[in-house]
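K.L.:
If you're matching them up, the sequences are chains A and B in order. Under the numbering used here, residue 876 is the last one in the first sequence; the count climbs by one each step, no gaps. Under the numbering used here, residue 521 is the last one in the second sequence; the count climbs by one each step, no gaps.
Some clues are possibly wrong.
[Claimed, not checked] BS3-like, lysine-lysine: derived pairs with alpha carbons at most 30 Å apart:
1) A/K552 x B/K450
2) A/K348 x B/K486
3) B/K483 x B/K274
4) B/K474 x A/K348
5) B/K486 x B/K474
Think of the hints as simulated: they come from the structure by calculation, not from any bench.
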Amino acid sequence: MNRYKDTPELEARMHSPLMERIVELKENFYAESGKYDYAPQNFEDAMDNYDRVLELTGSVCDDVIAPNAESVDREGSHCSGGRVQYSEGTAQDLKVMHQAGLSGFGLPRQYGGLNMPVTVFSAVGEMISRADASFQNVWGLQSCADTINEFGSPEQKEKYLTMASNGATMSMDLTEPDAGSDLQSVMLKATEDVENGCWRLNGVKRFITNGDSDIHLVLARSEEGTTDGRGLSLFIYDKRNGGVNVRRIEDKMGIHGSPTCELVFNNAKAELCGDRRLGLIKYVMSLMNGARLGIATQSVGIQDAAWREATSYAAERRQFGRAIDTFPAVYQMLAVMKAKIEASRSLMYETSRYVDIYKSLDQIAKVRTLTPEERQESKRYSRLADALTPITKGMTSEFANQNAYDSIQIHGGSGFMRDYACERLYRDARITSIYEGTTQLQVVAALRYVTSGVYSQYVKDMLATLPDSETKAAISALVEKLDAMTAHVLDQKETEVNDFCGRRLMESAAYCVMSTLLLRDSIETPDLFDKPLRVFIDLAKSQVEGHASVVMGWTPESTEYYK
Amino acid sequence: MDKFSIIVLAKQVPDTRQVGKDAMNADGTINRAALPAVFNPEDLNALEQALAIKDRFPGSTVTMLTMGPERAKEIVMEGVYRGADGGYLLTDRLFAGADTLATSYALSTAIRKIGKYDIIIGGRQAIDGDTAQVGPQVAEKLGLNQITYVEEVLDMDSKSVTVKRVITGGVETVKAPLPCVLTVNGSAAPCRPRNAKLLMGRKNYEVPAWTVADVNADPAKCGLSGSPTKVKKIENIVFQAKESKRYGDSDADIAALVDELAVNHIIG
Chain A
314 MNRYKDTPEL EARMHSPLME RIVELKENFY AESGKYDYAP QNFEDAMDNY DRVLELTGSV
374 CDDVIAPNAE SVDREGSHCS GGRVQYSEGT AQDLKVMHQA GLSGFGLPRQ YGGLNMPVTV
434 FSAVGEMISR ADASFQNVWG LQSCADTINE FGSPEQKEKY LTMASNGATM SMDLTEPDAG
494 SDLQSVMLKA TEDVENGCWR LNGVKRFITN GDSDIHLVLA RSEEGTTDGR GLSLFIYDKR
554 NGGVNVRRIE DKMGIHGSPT CELVFNNAKA ELCGDRRLGL IKYVMSLMNG ARLGIATQSV
614 GIQDAAWREA TSYAAERRQF GRAIDTFPAV YQMLAVMKAK IEASRSLMYE TSRYVDIYKS
674 LDQIAKVRTL TPEERQESKR YSRLADALTP ITKGMTSEFA NQNAYDSIQI HGGSGFMRDY
734 ACERLYRDAR ITSIYEGTTQ LQVVAALRYV TSGVYSQYVK DMLATLPDSE TKAAISALVE
794 KLDAMTAHVL DQKETEVNDF CGRRLMESAA YCVMSTLLLR DSIETPDLFD KPLRVFIDLA
854 KSQVEGHASV VMGWTPESTE YYK
Chain B
254 MDKFSIIVLA KQVPDTRQVG KDAMNADGTI NRAALPAVFN PEDLNALEQA LAIKDRFPGS
314 TVTMLTMGPE RAKEIVMEGV YRGADGGYLL TDRLFAGADT LATSYALSTA IRKIGKYDII
374 IGGRQAIDGD TAQVGPQVAE KLGLNQITYV EEVLDMDSKS VTVKRVITGG VETVKAPLPC
434 VLTVNGSAAP CRPRNAKLLM GRKNYEVPAW TVADVNADPA KCGLSGSPTK VKKIENIVFQ
494 AKESKRYGDS DADIAALVDE LAVNHIIG
């Protein structure tokens, strides 16, 4: 059974009412139909194409990536002579994905790409991650090409996007030993080589995922004497030019198939991407939002894999004369895991849809002037995507950790042994709430939308479109609690209180948003989502009310106990 | 650079790897409804060799050829989605019930109709019959050279093909003049997956279907009427330990073993 076809919850998310708009924008009103034999002629044709591509990806995951996952984890990557060698399984995964024609997934057809929407890319990311989370890092990084597509010159697009469609691997080289969460401190030096019409990069990057890739996007300091983000620019480095070596790869807890590299740049030839000084403040912010959504898809895939492992084990394992999944303690855990998956999917795919709409409009804006309505639409979805991305990444990655933890718990002692996949999932899950911005940083990014009431209004607007129900009333009550908490925290007029209560506020807002989206999905497809919805609402109540019970009494003095 | 015309023989078979309780009918024939229909596994190995030749010699063409009911056109589509240029389905009630002789006859008439071929390649055998006869019989009917048990096509030029073939205890490299029939082992390279662009771009490909009349075949040589094979009975045999016999290495024991096998028509 194909892992796409055996997950109707995933297929249902491909059939959202927004999809028709997404497709016509992504296809620029079917402008390429007739020009390329694989360009769709209309909406139904496009949806059929997506279905085919997802089923294909599912079969590659089933036949190749999932069976390789264990050996990839055991073998890991290798590094010698300044180069990285993937594990045998990862190399095979890459080869087969490319043979399956899945490279250049979201890129325009003129560069050999498939022109697939982000929403479909997210579904692919989820399936791959369920098969082998580490492979999602290696393969998913091809979406770095989107940044070149958005901001690169025509020559750069022609060169690098074509390479990406031909299977070139990519990496984004941001982190340095002294610049992790705080990317404004990046020091890698970029010097203009006027004589050769290029730039030269010198310095060290650390923790670079897939760091020996064919095409690197490098954040570097181009403006001498600057110390903040405004002195940073984005560069493209082509591995064939040489000048970047891998000093070592990290010996990590999980995602062993994904090489994490320390890179030494020694006068490496590079090209400027876009304008100087906009590297961090514009391009990397855009890149990071895409990367965060990528981690959310990885998180959902891990959540799902962990739940499946736990479900099949609990059905087979018998204690006290019965299968352990008949005990309330166990089936309750399984139901909560499933509810977290579905709430995560509802949020993650909604965010993907918003990204699709505004990014497609951005692309159309390059060839013609948008109508005032289109400009409004672009702005609206761009804002929504920016607001939902941090809670998507933050919540799905925390849930991935929780599901991986519970999966081991359900396996009991066996789950602690390396014989079962849940152990690998537990290690692989751990990084999701750390890289591409820790959960704590997602809280910072989300907090401004909490305090400005964006999430609260978003939920209220959506609830207003849904029929009245007990669940809807329950969510409305939670939003009132969120509003009260927000008002109370703002009343303290103290940034530290904001920051201190940030996690509780962000989670409360996220529970409201996720419950609402899952309610909407459940109205569309009750067979699939009614039970997970009810379970999730119970969870949301306990969490939001718990947070409210603490936050509502909070004062600046309360922070003192914690110091 | 040379260009080659390659015909891939492929069969849709019940997936005998998924045999369950209801896999056989009461009369001992296969219950096709209970088993999913799949691309015969070794034919996929053959398809990969064909596509690899096309990769190496751009401009070469790969044409699928299969015989079966209407739904067997899925086999042609599967080939197209993995990189074949097109194909044909031989389908006619008159083709039904064919044994290997009638099958190879039907395929050979279709190949004659296609007309242009340098290589005809198929799997060693199909998992539903395990006869390994169709490939060699096609070669005989067309008067072509054949190489069986192919592991890998090593090289080709305008006049010949060089392959690695498996023999007992090893491999050998052999060269044969074109055109030539090859049958490929399951241990050969696995077939590449379907390709996303082909899945989308060629989904509306209409598989041409040929009848007995279309390929100018003699109806008497097709299907049941062209099949001398008669299945008397199919039994499910479960061997038990107490049914085993032991023979030593004395001349008398060896003679007794040969006699026993001859009596049961296993040899001789």
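K.L.:
Work down the list of hints and note, for each, if the structure agrees.
P.N.:
Verification of the supplied hints:
Between the alpha carbons of A/K552 and B/K450 the distance comes to roughly 28 Å, so the proposed pair stays at or under 30 Å and holds. Simply put, A/K348 and B/K486 have alpha-carbon atoms about 58 Å apart, too far for the 30 Å limit, and the pair is violated. The hinted pair formed by B/K483 and B/K274 meets the criterion: a straight-line CA distance of about 25 Å does not exceed 30 Å. Distance hint between B/K474 and A/K348 is unfulfilled; the C-alpha atoms sit about 47 Å from each other, more than 30 Å.
Note on B/K486 and B/K474: the hinted pairing holds, with a Cα-Cα distance of about 24 Å set against a maximum of 30 Å.
In terms of the numbered hints stated before, the structure departs from hints 2 and 4, listed from lowest to highest.
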